[in-house]
Amino acid sequence: MAFVVFYALAMFGVFVALITPPVMTLALRVAEVAPNNKESVLSLVLGLGALISILTNPVAGLLSDRTTSRMGMRKPWILVGLAVGVLGLYLICIGGVALVVVGWCVTQLGFNFVVPTILAILPDQIPERWHGRVSGVLNVCLQVGVVAGVFVAQAVTPNMTAMFMVPAAMAVVLVLLFTAMLKDRTRDPVDVKPMDLKGFFQSMWVSPKTAPDFWWAFVSRFLFFMGLATLMSYQVFYLLDKLHLAPSAIPETMLKSTLVTTATTILGSLGGGWLSDSTGRRKIFVVVSAVVYAGGLAIIGAAPTMNLFLWGIAVCGLGQGVYLAVDLALVAEVLPDKTDGAAKDMGLFSLANNLPQTIAPAVAPLFLTIAAVNGAANYTSLFVVAALFAAGGALALAPLKGVK
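Residue 54 in the working numbering sits at position 54 of the sequence shown, with consecutive numbering throughout.
Derived by calculation from the structure, the hints in this document are not laboratory data. All values derive from a computational prediction rather than experimental measurement. Be aware that one or more of the hints could be misleading.
[What the hints assert, rightly or not] Pair by pair, the computed Cβ-Cβ distance ranges are: (1) A83 with K209: 37 to 43 angstroms; (2) G96 with L177: 32 to 38 angstroms; (3) A2 with R129: 14 to 20 angstroms; (4) S69 with F3: 16 to 22 angstroms; (5) R187 with H244: 53 to 59 angstroms; (6) P399 with L366: 38 to 44 angstroms; (7) V4 with Y90: 30 to 36 angstroms; (8) E252 with Y90: 23 to 29 angstroms; (9) I370 with R187: 29 to 35 angstroms; (10) T210 with A83: 43 to 49 angstroms.
[What the hints assert, rightly or not] Pairs of lysine-lysine, DSSO-like flavour, derived with a Cα cap of 30 angstroms: (11) K38 with K256; (12) K193 with K183; (13) K183 with K209; (14) K38 with K209.
Cβ coordinates follow ideal geometry from the N, Cα and C atoms, glycine included.
Start from the sequences and build out the full structure, keeping to the hints where you can.
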């Protein structure tokens, strides 16, 4: 139990540092350094950062799986990634547009060494019968981490450096505590076969013929995250441009929104994870929760008032909580190589989370212009399309056979 607590705290710290910027502070920083073209600059920053994460995750996982250090397979990369990620957050605070772009790319590079490596500890050390519960707890850490990050950012406003670096300091403390007590897996060097460049690229591919369930789960997560990434990337601009809030009101409003999301996500994560473990079923929970999330996005797209927007956020939070908790447990059970390739496969699967962070901001302007009036962005069409993506995430699991 103590191990799970420290594991959860470490994930909480990582999420505080990594998720708070795209949820709120990065958009505010971009609006500060590029007020006249904030939308395009934010899309560039998020898109390049997501590209870095796409390239980093599977490589980080592969390196972790092949590490023979006396410290273990996971610890070295968790610590190195943490240091690099914190450096990137600092760079965002000290320069103009160029350094914001570079800083976010460095942040993504560092923390995307941490995430797949630390997630591999789930199949490494947690019994399968507990996967749903522990996955639910980890997802709660994500949501509580966002709340904590937004709360901290609001508390230290308008000190932009503190808005980035206080969450970073929380990550450092909590991750160091976890790594200090982690009894990491170790590998004997004789068990690690030499790998050339050809072998490296071959290891980065998992055949759909040999692991079809892995790929159906991948497609489902990708489509779900297309909806989720749209909400995360454009929530601040939605509040500014459709509900006409003042920039000074954004931190307080985002805190309210995040509190609503957190409350419903915690309910969905803990309840969904527990029910999934108790019933021994994963698939039905993931399918229904994706449909619920799609409904929440549709409500947001039609919302003319703050109250209705918050109702949509609440529905999204409930669906997101169940989906991410149970889907992580499902993924841990369909990994192609649970013994020697868990971190690499988790890294590959994380592309389903990260690719939408590049694609959603890139395609969103197309949907914002549909039926636009007098040049005003059409957020209704954007969120309806996002809802269709999320619903597609439910349909993609229909062919999955290896997990109930």
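Right, here's what the structure says about each hint:
1. A83 with K209: 37 to 43 angstroms: holds, 40 angstroms
2. G96 with L177: 32 to 38 angstroms: holds, 36 angstroms
3. A2 with R129: 14 to 20 angstroms: Holds: the Cβ-Cβ distance is about 19 angstroms, inside 14 to 20 angstroms.
4. S69 with F3: 16 to 22 angstroms: holds, 21 angstroms
5. R187 with H244: 53 to 59 angstroms: Hint holds: Cβ distance 57 angstroms, inside 53 to 59 angstroms.
6. P399 with L366: 38 to 44 angstroms: violated, 29 angstroms
7. V4 with Y90: 30 to 36 angstroms: holds, 31 angstroms
8. E252 with Y90: 23 to 29 angstroms: Given about 26 angstroms between the Cβ atoms, the range holds.
9. I370 with R187: 29 to 35 angstroms: violated, 52 angstroms
10. T210 with A83: 43 to 49 angstroms: violated, 37 angstroms
11. K38 with K256: holds, 23 angstroms
12. K193 with K183: holds, 24 angstroms
13. K183 with K209: violated, 36 angstroms
14. K38 with K209: Given pair K38, K209 is violated - Cα atoms ~44 angstroms apart, limit 30 angstroms.
This entry does not satisfy hints 6, 9, 10, 13 and 14, going by the numbered hints stated previously.
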